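**Q** Chain residues, written in single-letter form:
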Amino acid sequence: MKSLYKILCLLLLTITLFSCEETLEVVPPGEFSPSTVLSNEEGITALLYAAYVQFQYELGYKNVINMMEVSTDMAFNTGGGENRTLSLFIAWTWDESVGWIANDLWARPYRAIRNANTLLDNLDEAGDVPEATKNQLAAEARFIRAKSYADLYNWMGPVPLRTSTEQEDALPRASDEEMLAFIESELTASVSDLPNPGEESQYGRATKGSALGILTKFYLNTRQWDKVVQSANQIEALGYYELMPDFESVFAIGNEANRELLLVFPKLAEAGYGNNFSNGSFPPNFLRSVTLPQYEWTTSMANWATQYRLQDDFVNTYDKENDERFKLIIDTYINRDGDTVQLSTSPNNTRCLKYFDQNAIGNHHGNDFPVIRYSDILLSWAEALNELNGPTAEALELVNRVRRRAGLADLTNAEASSTDAFRDLILQERGWEFVAEGKRREDLVRQGKFVSLAQERNIANADAFRELFPIPETELNANPMATQNPGY
Amino acid sequence: MTTTTKYREKVLSYWLFIAIWGVCLNTYGQNRLIRGAVQQASDGAPLSGATVLIKGSTQGTFTQEDGRYQIEVPSDNATLVFKYVGFEEQEVPVAGRTTIDISMIASDQYLDEIVVIGYGSVKKSDLTGSVSSLKADDLTPGANISVDQMLQGRAPGVLISQKSGEPGSAMSVKIRGASSISASNEPLYVIDGLPVNNDPVITGTGSGFVGSQNPRNPLNSLNPTDIESIEILKDASATAIYGARGANGVVLITTKKGTGGSMRLTYDGYYGIQSVANQLELLNPSQYQSTLNAIIDEGGGNANERVDNIQGSGTDWQAELYRDAPVQSHNLSFSGGTQNSSYFVSLNYFGQDGVVDYSGIDRYTARLNLESRVEGKYAFGINLTTALLNDDFVSNGVGLNENGGAVYAAINYDPTISVFDDNGDFNRSPFITIDNPLALAQGEQAEAQTYNTLGTIYGEYFFLPSLSARVKLGGNISNSRRDVWIDPISLDGQQNGGIATIITGSRSQYLLEGTLNYNDTFGKHRVNGVIGATYERFDSENFNGNGRGYTLPDLQTNAIGSGDPLQNQIGSSKNLTKLASYLGRVNYSFDEKYLVTLSMRADGSSRFGLDNRFGFFPSAAFAWNLHNEAFIGTDNLFSQLKFRASYGVIGNQSIPNYLFLTTFALNNRDVVLEGSRFTAIAPSRAASPDLQWEETNQLDIGIDFGLYNNRIRGTVEYYNRKTTDLLLPVPLPPNSGFNSRIENIGSMRNDGWELFLETFLISTNAFNWTISANLTTINNEVLDIGDAENIITGNLGFVSSASIIRPGDPLNSYYGYVVEGVWQEGDDFLATTDAVAPGDIKYQDLNGDGTINADDRQIIGKPFPDFTWGLTNTLTYKDLSLTVFIEGVHGIELLSNNLVDTYFPINFRRNKIAEPYLNRWTPSNPTNEYPSFVNPTAQGQRVVNTRTVTDASYIRLQTVRLAYNVPVTNSGFFKQLTVFATGQNLATLTDYIGVDPAANALGNNVLRIDYNTYPFARTTMLGLTLGF
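Protein sequence lines correspond, in order, to chains Z and C.
So the first sequence is numbered by our numbering: it starts at 6 and just counts up by one.
So the second sequence is numbered by our numbering: it starts at 536 and just counts up by one.
Hints listed in this document are in silico derivations from the structure and should not be mistaken for laboratory results.
Keep in mind that this is a model prediction, so the values were computed, not measured.
In this text, a Cβ means the ideal position worked out from N, Cα and C, and glycines have one as well.
Heads up, some of the hints might be wrong.
Said to hold, decoys possible - Label-pair distances were calculated between CB atoms; the ranges are:
{"id": "1", "chain 1": "Z", "residue 1": "T424", "chain 2": "C", "residue 2": "D1362", "range": "44 to 50 Å"}
{"id": "2", "chain 1": "Z", "residue 1": "Q347", "chain 2": "C", "residue 2": "G1426", "range": "38 to 44 Å"}
{"id": "3", "chain 1": "C", "residue 1": "E855", "chain 2": "Z", "residue 2": "Q299", "range": "38 to 44 Å"}
{"id": "4", "chain 1": "Z", "residue 1": "T304", "chain 2": "C", "residue 2": "A1372", "range": "37 to 43 Å"}
{"id": "5", "chain 1": "C", "residue 1": "S810", "chain 2": "Z", "residue 2": "T304", "range": "22 to 28 Å"}
{"id": "6", "chain 1": "Z", "residue 1": "N340", "chain 2": "C", "residue 2": "S1107", "range": "44 to 50 Å"}
{"id": "7", "chain 1": "Z", "residue 1": "E183", "chain 2": "C", "residue 2": "A1094", "range": "58 to 64 Å"}
{"id": "8", "chain 1": "C", "residue 1": "A1372", "chain 2": "Z", "residue 2": "N340", "range": "28 to 34 Å"}
{"id": "9", "chain 1": "Z", "residue 1": "N340", "chain 2": "C", "residue 2": "D859", "range": "58 to 64 Å"}
{"id": "10", "chain 1": "Z", "residue 1": "E183", "chain 2": "C", "residue 2": "A829", "range": "56 to 62 Å"}
{"id": "11", "chain 1": "Z", "residue 1": "N321", "chain 2": "C", "residue 2": "T1197", "range": "54 to 60 Å"}
{"id": "12", "chain 1": "C", "residue 1": "D1362", "chain 2": "Z", "residue 2": "G453", "range": "32 to 38 Å"}
{"id": "13", "chain 1": "Z", "residue 1": "T304", "chain 2": "C", "residue 2": "A829", "range": "47 to 53 Å"}
{"id": "14", "chain 1": "C", "residue 1": "A1372", "chain 2": "Z", "residue 2": "Q433", "range": "32 to 38 Å"}
Stated by the list, open to error - Computed footprint of chain C on chain Z; a stretch qualifies when at least three of its residues, placed anywhere within it, have a C-beta under 8 Å from a C-beta of chain C:
{"id": "15", "region": "168 to 177"}
{"id": "16", "region": "208 to 216"}
Chain C on its own, in the form it takes in the complex:
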């Protein structure tokens, strides 16, 4: 019996108790002992953990591992009820017997599957909302530190992409588009019933260190192997119970529990090698020399910047910096239990070196899940996990020029010089102010150590079998310390005499939750309800200190105070938020045909002013199990046909604290007077006293179907989410001294279709072929942004104003110039007043005024795909199985800032992306594709244009996994031995010029700009699972 079924059984047991509550008081009489065994009808194998109940009472027992049970019944007239998840329930009258053996027949497992929903669980057939339910086996295999990587492409409506290859960096996770302009678009993660605060523990990268803007993945501290199931709640009916945090969808993560019986020991492990999947194709040394010199000959650059010679064979800086790197995971779990209690214990090590030198992540986790339960009386449980994360960072952020990181330097550095000079020191180009890439990688060191403990404890008491009270306490505590050292071997370190930074942070959250649960059945009516109250508190604090000018730099951050005392800088911050909520839900079903769900949550948050502190989030859903209707169910075409519809209101409160208050804060810079610095205090913000939640009204209509005995099954769904009262940083006239004030203004809509289809194409005893496919369309439209005509935003590096927020268009559409081609000899140059020459880029003069300026900008791309899909093929032949997973993203654009640097070089001698330069315009090659690059900045900063914003659609062979179940069941020692080989990120089909079409250097997941992307890894690995 698996851990899953044990859990499902417990839930089902509630239903049973409800059914018999009405007669339970009349059941006492003379007792008699019944014995027997329960087995599967198909193969006669014993079923352990099956429930045996006396009908009409609360008394019951479970079968032992050999399937045997014994139970005292009050009289010969009693009836026993046998239940086991996935099997048809049986009622057997005792009729005077003392031995009753039972064979149980498998039921329609798919529809009987238990799905966890917020504050409860239901059978899949009773679902009224839109929920994607994934069991551990459904997740994408591979070398994954965090669970979101395993969800990639798995569920319709859920767009997950990797933004950078840096180990442990956050994924972009968007459920049904983006609901908010400035508040978070991340879903709420709920781990074992605890809604998790995902804010980073540490902000800031450390003085002088160019860290990635992309935050650390908050799910890194959760061991994916511990996960039993993941439910993704998408529509309002499912998410409204999470109220003000539900608008972006909710991801419920349930960890494994022990199962009855003797201890089971399982080892899972793998070891793999990662290599760089794709690096930028830059000019090689000889191309660099010939192209740059040719441009000088044509009047570009500067005569003294000519490339005279190539030292040795030059240097491929990317190759110097990148490497093949190992990744491994080792997981040991113990589980078992007795009739009333169970345990699950696991230990995990995960280690991943980065494909860029000096980067990687290590994780150690331990978990203890305990549960004790007497059916119908009480239950008590604890889930506790603790993790230690060691991060090692290489500078790969978006800093510029002298402040650039190692990856940036490797892309831009002169390829004609050698790594080291004749003295063995790092070679530095006199023409380029960026530091040597390897000096940056080696000299700029950052490490972080994070401890995270997450736990919940609950106790439940049954006043009646149909009525219970449950109290839950939860906590999630993270402590982190980041040490950064800029060594004098780097230019920055040399200039500053070494820079040491220590940042510490702690973040904690506490949950107190009480719920009353009611389940009952009256004839064909079934009612299930929950009401409750929760209180949550979130604290965070940070400290950072940095020093410079170390005459003895040996001790680095271990003696941070040994630098120049005048240059020491310190800072700190502290935050507190509280959330108090009331929630309730009723599920009603009639005759297994008509299902209704009503839910609500009232959330009170300290983020909002007194008058708007509480928000109310109701939802309603209706579902109709058509397959249970006589007019459908007569033939066997439909094994399932369910129509469902839901509507509700959900909220978003993911904005900074205290925006409704007028306060003063430390100015980010001191004033300089009398040759010293003095602390300045400035107004914190333009306060918005009437601030309240964002509200998302979501409509969802879907049909779930199963054909030919569920040989083909699927879901077709339409969603329409309209967010109103957007938490929008309304641009204030800068003459007020403020840029913006967060107000509830404007609205935005996301709508689209979701399709899920699974077919058991071939299903024989030896050979099986299953195809699972999903497809999502997204249509995002900003409807209203208040009085402002538009909001132009999007800054990175030297690019500013890359995107626009404008009613009628998708959020953060790229806003720039259309390139018509290249000015050719013989063109009519009188048509323009701009200083252009043949070979320069010809922009579209939208208003025909003869000059290219801001008025000629238009929307040239969008950051949302038209549609995305995932396709999984699973082929099994006897004990061999092959899984192939492909995903696709179509109709999306991406701004490459590395292409911007290629088209508009920061300085002449930097290296460039090869393609445009090798095929550039010359009088003898009058192309319209690429300019001559002789005078690339003649027309100023028109950097956001249709040459730099390009199509970023792709199809990716994400995973191939080949596994073999070694038949060991008879060996007596192992219970299971599976060996597998997995390949990850094996191939990508795309027209995009860059490291990866999914790359994004911004922390934001809606606006996308690719810049100095840490290369993505291609991984091949071998692993095994051993069960004892």
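The shape of chain Z in the complex, shown without the other chains:
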């Protein structure tokens, strides 16, 4: 018994002695310490990648495209869970409680900004990284941040301008001037340290072309016409970009990294990494389209309950005979039972099949989402020239380059008879060119037609304040300094 007694005493003593605070020190075994990540090029690059992940929208870009198109004269939607949200955009009854606004239009870009800010705040401390590399990493982070702010400004107007992780949680919205100045100076500054297009270390990372492309679109949407011309000229001076000869192939999986693309969100035919737009574009029981028989649905592909449809009034403006771009619009298709189905027997029921990958796996097609294409630069340039000088031959030629590629005849001076007439023609051209690329809302807003066209569609709630989306309630509830856009 003596020995048991001793053992017990010893154990008691052990417990009493060692139950002190040092034993509670724990190093998280499954997480990286800041010093590991932030001291070397590999760690900082991985952090930059995390900014790109948010920037590339993972699987959420279809939501952005749809919100920007069903609220306009272009697209329509029925069915599926997505319709519960998209019906609000069709009826112009979206409000600050809409989850997609909170997540896809707000939280997502701000996560990209956070990751970029984390990198920029800590780059100076990273002693092991060569200066040139640092400059390029910083330029990419600044580019991602500026593009995210340009989007936010486009959707909500001036927003809280978070430029460092050190700022207080509550942050007021910046002024219009601060916002404009920040986006412009950051994009301009990033251009010099970004690589030339084609020279980037990995396709999908930012180049001079990406930054200038975003800058051009930012100038365009803020109606700074002469700066549009300037930056378009800078893009031209890169001597890299050109239109693909064949419209359909711009989006084809085999032509990724083609010279028409200034910025893409890369996607893969892999679970969790795909372009999932087609799943909604496929009509029920779809097998293949009549105009593009090579696009044949296989059993390895999904087909969603929600239906991404186009409005008849938009589709009917196409030159259906000649416009190569119309091939990507499905009206008649063969279904899996071998029947031919015509979609346009129901109103607003045709589809756009821009993103099709024959080797898709489930939901996931490998087609990259184009963000800025060279044709967008050409049309933006033309639009700016028209606003500055009217329908000059130079401006017309820019538009006609896009039309010729689509198989259409050149616009004549007779058609583009005035600045106003040419503006309308450019807008129409942009619709045909960029359907299913999520640009319609900003194009209409810029030309002052977003609200008026909705009113023409007899939408009772089409009020002028809806040119801007609301600040989401998640922000308003948590940020006492944030103010809502008027009208909401």
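Add chain C to chain Z, keeping to what the hints say.
**A** Relative to the frame of chain Z, chain C by itself:
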């Protein structure tokens, strides 16, 4: 003698030793041998295991099985003390005799009952805290894999409900409401003194598999038949000794121990059949055809979605998927011992097939409990159990559309098509993107195998009879592997070329505990104290890998690497937590009248930053045994009357690890560049360096009473728990890039009444009728959530923002739109700018601005009941007994997401819940109850409304058990033979439209959403108990 009494006796023996310690040194003289027998006064039956002690010494013995004993006494002047739990203690002077036979008289058993409390035990009459004590016999009978099912409705203040019928899935267990918004609201389970880490061994369901969000029940590995008693500690006085883990109550589980005497062998077994208690009432094929076509005729749907014909007689997909399924349990136990040691060994098999095809659970357990003890000198014991669990899962989660599970598909699939097409392949509707329900059930396979070993070893040494040191070592180790295979016979499997996933996990915890125990009596003063220190360590790790694209899919997960190498994905995680604590408690009683308990625990946890690592949790309680006062005790009205009150602070630390640290972690998705994926690393969280515990301040006032010699007894109790420093995910402005940061902000209160009443209504020799009833009221109110105006949360499926957390209202109240009725022809449509037509739902325009939007939301229900009750009737006639148990839950709402899908169909051709469609609005049926469903999404996502959030009160006939004790005592072979028949979940009275009003598809137990609920089983079974 039962195992219970043996245990109680040991505890009581301590008291005795204390009493005699003061004189024990003076007792040596000439020895003499005394012999005798101890019997019950009532029937003369021998009492084995009674304690015989020499007064004033530490020497003593136990009676043998025949009641006989012998003991050496130092002198003729010695006095013997006879003790046996449940009987009056007797002191008998030897007075020169050599034979002393004793008849013992039964005492008031109820008040002498020993109740286990944290780090010790007390007589029920000495309790100062709120403790519900349940012995094995008090538990709800039935086919139960886990012990919490058996506690359902049994104890006031303890709300236990089944959330899903899936075999082995976790129950919702809430003690006195919910104390936390984001930390766990689950009680702490302590099994044989080991506080058990309940985290799931495996997280994740496997790629492509839609598993239930509801976790596996961590108590599945404990064989309920091994349980001796369960104590539920509810107030701060009882729980503060568990400090930072006590805020949600503590459930102490004590397993059986051997009893002295020869080996006893017991077999328990039952076999039963389960059937689906209730399935959703959907449109049948002809209703589906006529209703959908009528809606098309009225301008809804699409012309090409018309239902042309019914293949054969159509298909009831639920009936195809559901089945009657067997459940059985077989249990063998051996127990016995000698004077100083005892053993209990058991083996158990439990097998339950699910009422949905391809689901079920199997369990094998073994237990060994050993104890060796020399009274007043030392004790040593070991409790060890090991279990193997085999889970078989059918996809029944909340995945949507193409990612839906089998149950979801069965609810939504087109009823007019046959199961198989003409080629014998699974038939697939061209209008519905969900897979065929049976293809999902058969093609999506998931199985898990879990090994769990839980054990404690303790040694105790008595320095003095009143003072002992005790050391305990404990461990709980689980290893689990889950294999998931999505076969190409399902659409998902076809698209991906088969998907194989293997997830493995291990979780272990170790306990080292030392306590010093002191018990002594000085005249009318009795003191009992414990101080101690514990150290606990929790490790967990996970690995998962999945592959796709199998050209030869035959080997499934056995050759997970044989798919497309580019699509392989792997991941892992590892976690470590430590907890170091000091604890102490003093019980003091004066003259059996006034009782005081003081306790405290200091807990240090690695989950918190250096400055806040230790939390201090004190409590105090006072009780007054009024029945021992002369002014009460003179007549026989009160056999017990005790007033008690307690107050204390307890904590909650059930949050993820490392929240106080700024770190980086692997981003959940890679970046895609250059046509490949690359690893991304992102900030893990918005760190909260000052994080500390949640603190719950709890007040408890109660009266325990027994009337007419305990013919009626009960408890009335009021509780008030206020939790402060809530571990709240404070919403951060999303412009920070983070959604939230866990901070100690805000407070919440739960208060209510608990009532327990038991009456022995009729008590004769042949016939007995006992009624036991309990009632609980819950009033939950969020008091403060810091700067945020409110927190809107609650996402499932396509429903988001279903609930609100707002000061002044119950936690997670449903937040949505009030449906006023249906727009009728002739209504003033100019009153609204929304695109509505006759037959559309008319929502209440709260702010009268002519449009329905987010500003028109209000609270439309709460997830806490107003009150709950349980009622048990036990009737016995001679050897026959009948037990009927009914429970009720009242004043609670539930959001049905299946009703949401009915009101706002994802697509037109999906099947729907019948009632609203069969009675829908038409021009000739201008009802205000149901809309026309012609244009159900015209007004957007107003899916959380008073048509989908409905009353979910219910009264349930939970169990009926009829048992017959075959009189075999004289046969010589059996000692006991009991046969019984039990019915479980026999009937439910409710207005709720759905599978069950208690259903919840969320892992969370406070927010409740019913979606694709695995149907609940109705079970009838036969069983027997055989004792040898």
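**Q** Would you mind marking each hint as holding or not holding in the structure?
**A** Hint-by-hint comparison with the structure:
For T424/Z paired with D1362/C, a C-beta distance near 48 Å keeps the hint of 44 to 50 Å intact. Range check, Q347/Z to G1426/C: Cβ separation about 56 Å, and the 38 to 44 Å hint is violated. In this structure the supplied range 38 to 44 Å holds for E855/C paired with Q299/Z, their Cβ-Cβ distance being about 39 Å. Taking 37 to 43 Å as the suggested C-beta distance range, the pair T304/Z and A1372/C conforms, at roughly 40 Å.
Taking 22 to 28 Å as the suggested C-beta distance range, the pair S810/C and T304/Z does not conform, at roughly 37 Å. In this structure the hint that N340/Z and S1107/C lie 44 to 50 Å apart at CB holds, the actual value being about 45 Å. Distance hint for E183/Z and A1094/C: a CB-CB separation of about 60 Å, consistent with the stated range 58 to 64 Å. In this structure the hint that A1372/C and N340/Z lie 28 to 34 Å apart at CB holds, the actual value being about 32 Å.
A C-beta distance of roughly 40 Å is found between N340/Z and D859/C, which places it outside the suggested range of 58 to 64 Å. For E183/Z and A829/C, the hinted distance range of 56 to 62 Å is satisfied, since their beta carbons lie about 59 Å from each other. In this structure, N321/Z and T1197/C meet the distance hint of 54 to 60 Å, their C-beta atoms being roughly 57 Å apart. For the hinted restraint 32 to 38 Å between D1362/C and G453/Z, the CB-CB distance of approximately 36 Å keeps it satisfied.
For T304/Z and A829/C, the Cβ-Cβ distance of about 34 Å falls outside the hinted range of 47 to 53 Å, so the restraint is violated. With their beta carbons about 33 Å apart, A1372/C and Q433/Z fall inside the hinted range of 32 to 38 Å. Taking a C-beta to C-beta cut-off of 8 Å, the region 168 to 177 of chain Z contributes 3 residues in contact with chain C, enough for the three needed, and the coverage statement holds. Counting residues of the region 208 to 216 of chain Z whose beta carbon lies closer than 8 Å to any beta carbon of chain C gives 3, which reaches the threshold of three, so the coverage claim holds.
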